[in-house]
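Here's the letter readout for the chains.
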Amino acid sequence: MMNSNPSTPMNAHAPSSISGGNGSPDSNTPRRNSKRPKYSRFTQQELPACKPILTPKWVISAFMLVTIVFIPIGLTSLIASNDVIEIVDRYDNACITGTKSQKVQYIQNATTDKTCTRTLTVKKRMKQPIYVYYQLDNFYQNHRRYVKSRSDKQLRNRGDENATSTCKPEYEANGMSIVPCGLVAWSLFNDTYAFSTSGNRSLTINKREISWKSDRDEKFGSDVFPKNFQNSSFIGGGTLNPSIPLNQQEDLIVWMRTAALPTFRKLYGKIEQDIEAGEKITVVLENRYNTYSFSGKKKLVLSTTSWLGGKNNFIGIAYLAVGGLCFLLATTFTVIYFVKPRHLGDPNYLSWNRNPGGH
Amino acid sequence: MAKGGGTKAAKLIRSSLYTLANIRVKPSYKKSEARIEEISGYPRVILVNQPATLPDQDSSPPLFCTNYVSTTKYTLFNFLPIALFEQFNRVANFYFLVAAGLTFTDYAPFDWPSQVVPLALVVGFSLAKELYEDLQRHWQDMTANCQKAAVHSPSGDFEQKQWREVCVGDIVKVKKDEFFPADLLLLQSSYEDGISYVETMNLDGETNLKVKRALQDLNFSVPVDDDKATHFQDFRPTIRCENPNSNLYTFTGNLEYDGNIYPLDPAQLLLRDSKLRNTEYVYGVVVFTGNDTKVMQNTTQSPSKRSKIELQMDKIIYLLFGLLIFISIVSASGFAYFVRNLVPLWWYLIPEVPGEDFDINNFLISGLRHLVTALMLYGYLVPISLYVSIEAVKILQARFINNDLQLYDDVTGVPANARTSNLNEQLGQVDTILSDKTGTLTCNQMDFLKCSIAGCPYGKRLSEVELAAAKQINAQLESEAESADGSLTDTASLEAITITDDGNSNNNKKGAIKGFSFQDDRLQKGNWTKEPNADVILLFFRILAVCHTAIPEVSEKTGELTYEAESPDEGAFLVAAREFGFQFIKRTQNSVVVLERLSKDQEPVEKEYTILTLLDFTSKRKRMSVILRDETGQLLMFCKGADTIIFDRLASDGKMYLESTTKNLNDYGEAGLRTLALAYKKLSESEYSEWHEKFHNAKISSGSNREELMEDLSDVMERGLTLVGATAVEDKLQSGVPECIDRLALAGLKIWVLTGDKMETAINIGFSCSLLRQGMKQICIVVSAEMLAEAAKDVIKENILSQITTGLDSIKNKKEPHAAFALIIDGKTLTYALEDDMKFKFLNLAVNCASVICCRVSPKQKALVVRLVKEGTRRTTLGIGDGANDVGMIKEADIGIGISGVEGMQAVMASDFSIAQFRFLERLLIVHGHWCYKRISKMICYFFYKNITLALTLFYFEAETGFSGQMHYDDWYMLLYNVFLTSCPVLALGVLEKDICAEFCLQFPALYQQGPKNLFFDWYRIIGWLANGVYASFVIYLVNLRIFSPESFRKEGQTADMYVIGTAMFTSIIWVVNVQIFLVSHYLTRVQLHTIWGSIVVWYLIVYIYGMMPVQWSAGNIYHQLPEVLGPAYKFYLSTVFVTILCNMPYLIHISYQRCYNPEDHHILQEMKNMKKDVTDRKMWKREQVKATQETEIGLSARVDAKMRLMKGRTTRKYSSLAPNSS
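As they're listed, the protein sequences go chains A and B.
Every number in this note's numbering is 3 more than the matching position in the first sequence, counting from 1.
Every number in this note's numbering is 10 more than the matching position in the second sequence, counting from 1.
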């Protein structure tokens, strides 16, 4: 609805008040003042602020700063990475030959002897501790069905051994709960390695403290023992000694930390002896784990570490590249700055000066 | 999202149904009464003084609604369903609701809290806001409903009852300064003659008092006891009247009592929510209660408007939904592929056991099931908190507008008020302003400036228009002199104008009488008796003093007389009459008392004029008359009205002064004054009584033709008049209006004036506001009255079309480069021009003209013009006005602004923003609008960026897991990301960001065009931001993976598991998006710095605290993660630093390059500000300010430019004699 109400002279509906004389009473002055907004720097949007302006000087300095910081970091990282001695040996193909189905048959046959011997040459002196890893390829430890299939509660607490609802499809065998349940534990990696040098010096592997301390202390119970494990119709990976509590089964603890990518390494143990350059290492391994059905690779990795961890050139190269790029940018900006300088606050760059009348 | 349109349409249909019901369906009255109703013609029958609840009687009265009033949107029971429904009407919210529901199933890639908690927070916030607003309304209702009213009881006493218990037919007593509890029919007042005064401020905002008259012929004994009214005990009349409707100013009905029928009219109706004033008490019958009252019938909800940015944002959300569906389909197909070809080989999953996730025998079903999972997983693409954040930001922005001291009017004490906060950013995008004239551009304060009596012009003071013209010419001469020696620039002269202008108006106002600026010694101080036509002058003054509907009011403090007049013109006339010695002092039911002082030394004489009949002013009649008997017994009719109307009604011997008066009137029109003609007529007793009888019969008759009949009779009476003279009052411009218009024009805004005034007045005001100027070609599209009356519609349209075409041609073929055009069109013509087949031609002409003035337009036409501009140009329109007649326009425009001035609250109630003065529009648009536009657009872009950055890393990772839907982040990270971790900096950005300080915004109006051109929220920018998000997600994902895997990531030889990489990646995201917002901001106050760095610190704290919680609470692999696993690893820090720098590099390069070598205007201005160039280089500063304008043909500056061009073109100088001589 609309009130038809055009403003015409003498408009009867035009609401207004005119007072004659000077009789506009000031009685409501205090009320009026109360509506006055209160002054504060915040409400008037006058808060002090820093207003960084990206002048060419700042831009060039910023890029130079990145260069100056990144190049040394890159170099140090590269050096650290180069100091790391890493030996990678893919053995899944070397230990068995034949077609895929032959390999699968071989690996699934529980009775055959799967021992395999490999010889690795150490080109540079490896200082202890030397970390031993196994690396799997094309193994989807990150698949949702796999990741979900575990019960942290059960691992932690003896009383919760029946808390297996999250462990499908590997939660019970012969009507009893499995401890540890779930696909992750069930598919435990079970290849083993034994090392000796060519000089017949045996290299003992320390398999203690290869997992996180908090895992051992809190997440895997000291009173939880494997039970009914690998008893179901499906046989998965490794078995566990039922007389050792879970918090001492460090292989399991490491395995249970699922990897992010289908290619991953996991710590197998530490060799706490130096190995001299030129020495040959003989590895006697039990090649039991089935990666043949899904064409996964298995690799044995011996590596020292630097302050940055294992051998990784990426960090160094990336830092150097970005540092270099920033140097390039800084130079470019400098060149442009000298070739075609723009004075700060130069009004000629205002849009109305650049294309007069064109707006 | 589509809700606005849908419900609106539904409402329309429902309301029209309701109207139909009112007209057609008979109320549930008893049959006998229905018969009476048919006879009387009035559907509503009220039995007075018979309590409505008389049970078990056959003739029980019809059911009327109770007096309980509820304005709430919800009730206790429907709050949750309705409010929730409204919330989930938004597509995004609905999606999240479905997603949250699905988290309880096995489809969900995460636990239920990560979806339910954010949704609950977001919806809970909105619900709390709705609830709070509705409770406020409810409390207001409750206070209103529980007020006490004195209701007559059968015993004759008055009982105190609550308002809600008052029933139709009750007699109530209302005392001075109390509000009426319902719509009452006035029966008796404390005055003998039944007059009472009411203030209707709550209703229509009018502050003046209105006279209400009781039925004169109903005689009651004057009550003795104050609280007893026994004489009402046997008073049982029947009232028949119209059905409830929303029209405040009409009411018809009959009162049947003792076999007599008395006609009722609006003068007897006391409306709910108005207040009794100046009257001790009144008695009234309740006619309408509760929702039937006029005030309730008038409450309409203003349509909800959405800003263009929000509409565009919806499109982005749809785009993101598209992306979401796309990657979900990719993910689902990938999953299906894996299930079919690869998963059967993965013995470690025991694939032969089908689970809830997949079944290798049926990869299609598995794929489809996974689609549901994926749709939930990538829901993070759509920012759940976006709506809430925007709402919160806008509320805060609105508070800034409300609290801006520079939008506060000291004179009236009214601050600006953002009534709806969801249009803030739209203020920065306005293209066309459609303005009302009276009360908006002008004060609606009338100053009696000149008059013409007996053909002789009086009054020497110049009007503002004349002054402005004189000043312009003066300034032009000055500036020419200055530019001759080249020392001063254009701005200097502009400033000079402004200064002189201020000086003048101050001088004028000092010591002046409000409403009276007349200055002429010939008439003042009693000198008029010496004038040749003294008798005519006497008559002139008497007409001024008697012919009106005003009420004198004695101020309690000063004892002075003030006048409560219905129109400001009348007030000015009465003040003028008083100054001339004819002081109107008293009005009774049927007389007017005037204190006349005929000469200077004579004592004033009190004269009483008996008013016999008063023929009211209506906008249709454009005149009012009184028929009176003076003290000598002579019957006279005084009439005043629009000149054309009066001239048509003059007697052949009454045209003595016609010619000279017409000439004077033309002069006044030229000077921008409002004119009225005054006339009188002598009547004989017989003539009058004969006419009066007819008139009375018409008045009491009922039926549809009553109005018509009365009009015809009035018309008969108001003929054969004798012209006395004419008045000229000045409609003062509001302060700062010309300057404001100038700045707005320089900022590139188009200004249209839509006014109900006549063409001459409108043109005059156009000149005084510099919307028009000399040398501008005026294209007037008018159809003559004769043609309108005689010609067929087709012919008229043909005629208008040809005028439009001619206008367009002349614009096309303009020879001078600076030729400017103005379009002036009147309401009648507009009716045709707005018809479908013509409106776009008309619009085409209008947008090509520098200024457009539509005069004589009805409120409806105002709204139609706004709609035409809005839909035809697809630009943002702003409607500004102050009166009830602007409501349609305000509601229709993209932004409606109400001036909370003298004309009441209706415009304000309908508006989106209210300001006290037109001039505040400049700051509201150019400063607040600009800021809000930039804030909101930056904020929305950033919001999408940060969500894309997060969501895509999920996608990449999922692809690496065989599309199985696994996440590498903990559920809680995801939950906190939108709600907590990244929300504060973006809120701070939306509230506090400023690219340019307020002062510069005003000094460089061209900057405003960034908004209307939508430079900061166009698709390039949006796509750029989305691309930036894609890039960042890519870098974050790849770099972190390469750094952390597969080899050991720390000296102790351990390798990283999925959650270590997840946390490292999430840390990178937090850094990247926070550094990004740091780069985005121009203006970093403490608040922003704290929120940005705070967010980062809080992230580390959360990871730490989360990891330190007892192991059963902390999700598996986060336990002790920061201190034990990630903290000691250097790679963790190296990756964060590297990713942060690399992700922000493209943006940094972009802004560095842009700023260094292709800067935008605000960049340069920031630098200038930084270098204090505005202080050190005044000359350059001034010069740039002048250049920083849009090309415009209106406004003061354009006027000066035009003058300068003219001067340059001229070889000889010609000094004008029209120099200002008033001050």
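Honestly, the hints are just simulated from the structure, not real lab data.
No experiment lies behind these values; they were computed from the predicted model shown.
Possibly wrong hints are sitting among the right ones.
Stated by the list, open to error - Calculated lysine-lysine pairs in the BS3-like style (CA-CA distance at most 27 Å, straight line):
1) B/1061 to A/300
2) A/126 to B/704
3) B/1061 to A/283
4) A/343 to B/1179
5) B/901 to B/787
6) B/1061 to A/302
7) B/1182 to A/343
8) B/807 to A/54
9) B/1183 to A/60
10) A/300 to A/103
11) A/127 to A/216
12) A/54 to B/1189
13) A/343 to B/139
14) B/632 to B/540
15) A/54 to B/692
16) A/38 to B/139
17) A/127 to B/1061
18) B/1061 to A/216
19) A/54 to B/1182
20) A/54 to B/524
21) B/692 to A/343
22) A/103 to A/210
23) A/302 to A/117
24) A/54 to B/632
25) A/38 to B/524
26) A/41 to B/673
27) B/540 to A/54
28) B/692 to B/540
29) B/851 to B/803
Hints and how they fare:
{"no.": "1", "hint": "B/1061 to A/300", "result": "holds, 26 Å"}
{"no.": "2", "hint": "A/126 to B/704", "result": "violated, 128 Å"}
{"no.": "3", "hint": "B/1061 to A/283", "result": "holds, 25 Å"}
{"no.": "4", "hint": "A/343 to B/1179", "result": "holds, 23 Å"}
{"no.": "5", "hint": "B/901 to B/787", "result": "violated, 32 Å"}
{"no.": "6", "hint": "B/1061 to A/302", "result": "holds, 21 Å"}
{"no.": "7", "hint": "B/1182 to A/343", "result": "holds, 24 Å"}
{"no.": "8", "hint": "B/807 to A/54", "result": "violated, 60 Å"}
{"no.": "9", "hint": "B/1183 to A/60", "result": "holds, 19 Å"}
{"no.": "10", "hint": "A/300 to A/103", "result": "holds, 13 Å"}
{"no.": "11", "hint": "A/127 to A/216", "result": "violated, 32 Å"}
{"no.": "12", "hint": "A/54 to B/1189", "result": "holds, 25 Å"}
{"no.": "13", "hint": "A/343 to B/139", "result": "violated, 55 Å"}
{"no.": "14", "hint": "B/632 to B/540", "result": "violated, 34 Å"}
{"no.": "15", "hint": "A/54 to B/692", "result": "violated, 79 Å"}
{"no.": "16", "hint": "A/38 to B/139", "result": "holds, 24 Å"}
{"no.": "17", "hint": "A/127 to B/1061", "result": "holds, 19 Å"}
{"no.": "18", "hint": "B/1061 to A/216", "result": "holds, 15 Å"}
{"no.": "19", "hint": "A/54 to B/1182", "result": "holds, 14 Å"}
{"no.": "20", "hint": "A/54 to B/524", "result": "violated, 50 Å"}
{"no.": "21", "hint": "B/692 to A/343", "result": "violated, 90 Å"}
{"no.": "22", "hint": "A/103 to A/210", "result": "violated, 33 Å"}
{"no.": "23", "hint": "A/302 to A/117", "result": "holds, 16 Å"}
{"no.": "24", "hint": "A/54 to B/632", "result": "violated, 61 Å"}
{"no.": "25", "hint": "A/38 to B/524", "result": "holds, 26 Å"}
{"no.": "26", "hint": "A/41 to B/673", "result": "violated, 54 Å"}
{"no.": "27", "hint": "B/540 to A/54", "result": "violated, 74 Å"}
{"no.": "28", "hint": "B/692 to B/540", "result": "holds, 25 Å"}
{"no.": "29", "hint": "B/851 to B/803", "result": "holds, 18 Å"}
In the structure shown, a violation is registered for the earlier hints numbered 2, 5, 8, 11, 13, 14, 15, 20, 21, 22, 24, 26, 27, in ascending order.
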